[in-house]
Amino acid sequence: MADNKGILVVGEIAEGKLAPITAEALGAGRRLADELKEELSCILIGDKVGDAAKAAVAAGADKVYTTEDAALKDYENDAYMQVAEKAAKDLAPRIILLGQTSMGRDLAPRLAFRLGVSAVMDCLELAIDGATKQLLCTRPVYGGNAKATFSSEALPQIATVRQKAMSPLAPDAGRQGQIAAFPVAIDAGKVRAKVLETVKEEVAGVKLEDAGAVVAGGRGMGGPEPFTKELAELAKILKGAVGASRPPCDNKWVPDTIQIGLTGKIIAPELYIAVALSGSSQHMSGCSGSKCIVAINKDPEANIFKEARVGVVGDWKVILPAFTQRIKELTQ
Amino acid sequence: MNMIVCCKQVLDPEAAPATFKLDAANNRMVQPPEVKPVINPYDEQAVEAALRIKDTDKAAHKVTVITLGNNLIRDVVKKPLSMGADELILLEDAAFEGGDGFAVASALAAAIKKVGQFDLIFCGRQESEWDDGQVGSGIAEILGVPSVTVAKKVEVAGGQVKVERVTADGFQKLEASMPCLITVSNELGEARYATLKGIMAASKKQPIVWKPADIGLDKVGAAARKTKVVKLFQPVKEGKCEIISDDDLKVAAGKLADKLREYKVI
Ligand SMILES: Cc1cc2nc3c(=O)[nH]c(=O)nc-3n(C[C@H](O)[C@H](O)[C@H](O)COP(=O)(O)OP(=O)(O)OC[C@H]3O[C@@H](n4cnc5c(N)ncnc54)[C@H](O)[C@@H]3O)c2cc1C
Ligand SMILES: Nc1ncnc2c1ncn2[C@@H]1O[C@H](COP(=O)(O)O)[C@@H](O)[C@H]1O
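Chains as they are written, first to last, in my numbering: chain A, 7 to 338; chain B, 4 to 269.
Calculated directly from the structure, the hints in this document are not laboratory data. Each residue gets a CB set at the ideal place from its N, CA and C atoms; glycine is no exception. Fair warning: there could be bad hints in the mix.
Which chain B residues face chain A? A few, computed with CB under 10 Å, are given here [to be verified]:
1. 19
2. 21
3. 28
4. 30
5. 62
6. 136
7. 139
8. 140
9. 167
10. 169
11. 236
12. 240
13. 242
14. 259
15. 262
Partner residues aside, some chain A positions facing chain B, computed with beta carbon under 10 Å [as the list claims (entries may be wrong)]:
16. 84
17. 106
18. 114
19. 144
20. 160
21. 197
22. 202
23. 208
24. 212
25. 219
26. 263
27. 277
28. 279
29. 290
30. 310
31. 313
With the hints as extra help, turn the sequences into a complete structure.
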């Protein structure tokens, strides 16, 4: 595939709009495309693409391809693979970028193996090697205890990008770009897994991903109650959201959807208050982009004190009520 | 039914971050000898998913575990046997070292082909060293079977496998034809403990060991990579946390709030 050219972002649509992760991937893709002096395109797949195509142009795409089919309403690997494989072969990009999301985690490796290459997952940085034009992908490994930079000679080079790791361009409604249908006849006979039902377990209140302040509890909270009482009260005063490390989710104290970390949500709020969690590397992978990390933990040796800007050593049961009270006074 | 579970021996991901040291010469991380390797936690849960199906009819279902690596510690890799798996195959050879997702999936797929009979293949959603999350999908692609990733529930009914797949805001219920490959996430629930009886039985069981030639591959491990590690490094952490203290913890708590106002984050 020596003639492969350009960058293709396999985009996502969330609630009828271009997903933030796709704008981030387009932002990264734009910079790479400019460096290569090649084109940046985006393919949007779903039952209806709607205005997301225009938003993709505003976010940096030169060309947007849309594949609409009732069979593509919910993400399912065999169906989406038919589109992704055809796009990879017909459009022959040099680089294919996806988000490290439910879809990207599932689609990128399968697409890579079908094309006889290997994907680089969950990238924090992407760059072009000037001499070889190869994509250099830097990603966390060993649970975030190290980082590695990968390259690959084989084309296309496929990578997924971590949420909130790359900056989107400021949307420019005046940008010019082409929007074209990319029709794919979905062969239902080749779809071996069927989506029976999609269940949303969203938590009421401010969305964790959008919250400016997040109050997160760990195993040391001891049970479900503090999450709906002490932590929720503090989150409410800060107009923020409650999050958790993995053990509270595994123990069913809180819904799985509020897990923060490598395999949970990736967030970057202004303020992250970590209560009774040790700050494992896997947990920090999900929140190390926070502007200000605050630690409350009874163990002075806990790793969270290596990650935080400020903290108090002690029992949260004593600290949290007084802390919340003072925050209330200061913010009212 | 024949079920296959792929389990990797990994450095202990739950050990303190400070135990992870860079072995730059070999492009990998190492831990001091007192930190024992473990089975990748998600892979234990993949074993659990298979055993839950086996529990429904012990005589009718067989669980075979495959582990690829070199210098595998018997006590560690036998854990799935002590949990209740039936068979252990080790792809063990120095040549298997240094592979990427492509190399590992190719070797595991070749081994599964050699096993021959399979209805379900289980993997972890990712292993805790390279955190790649690629090998499961890769095996499925090579074997030409469907894959459902990041499962929290797996059941078999009417010749189909029913899977609940975790998504960012909830889950999807899917139904797939078999054979099928499934990758398992922690939402499945805790893996069972090994029983004393299980440990005894496992200690007597000899794993089957296959070399690259046994699975018909001449290129494995580092030689079969598609991607190159340009560099592996440990970012330095500044780690200058300001600890607020006071004889009275409640006063310290109040001062912490004042600090946040000073930083203008509240
Ligand atoms: C591949 C992989 C992926 C993972 N992904 C994630 C992920 O996405 N997110 C995640 O969070 N984890 C993840 N983990 C798990 C991770 O390794 C840790 O096990 C987990 O983050 C620990 O959670 P914790 O800090 O709440 O618990 P612990 O490490 O047990 O820490 C509890 C802390 O609470 C403190 N404490 C206890 N009681 C009190 C008290 N009364 N007052 C104050 N402090 C108290 C203790 O001092 C301790 O520091 C993953 C693991 C692996 C292997
Ligand atoms: N060396 C190995 N031996 C056995 N199984 C493995 C090995 N490497 C990866 N796997 C399986 O593939 C899954 C995903 O691995 P990875 O793509 O490397 O994150 C793991 O959770 C295991 O189930």
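Hints, verified against the model:
| no. | hint | verdict |
| --- | --- | --- |
| 1 | 19 | holds (7 Å) |
| 2 | 21 | holds (8 Å) |
| 3 | 28 | violated (15 Å) |
| 4 | 30 | holds (8 Å) |
| 5 | 62 | violated (29 Å) |
| 6 | 136 | holds (6 Å) |
| 7 | 139 | holds (8 Å) |
| 8 | 140 | holds (4 Å) |
| 9 | 167 | holds (8 Å) |
| 10 | 169 | holds (7 Å) |
| 11 | 236 | holds (6 Å) |
| 12 | 240 | holds (6 Å) |
| 13 | 242 | holds (4 Å) |
| 14 | 259 | holds (5 Å) |
| 15 | 262 | holds (5 Å) |
| 16 | 84 | holds (6 Å) |
| 17 | 106 | holds (9 Å) |
| 18 | 114 | holds (8 Å) |
| 19 | 144 | holds (9 Å) |
| 20 | 160 | holds (6 Å) |
| 21 | 197 | holds (9 Å) |
| 22 | 202 | holds (4 Å) |
| 23 | 208 | holds (5 Å) |
| 24 | 212 | violated (14 Å) |
| 25 | 219 | holds (8 Å) |
| 26 | 263 | holds (6 Å) |
| 27 | 277 | holds (5 Å) |
| 28 | 279 | holds (9 Å) |
| 29 | 290 | holds (9 Å) |
| 30 | 310 | holds (8 Å) |
| 31 | 313 | holds (7 Å) |
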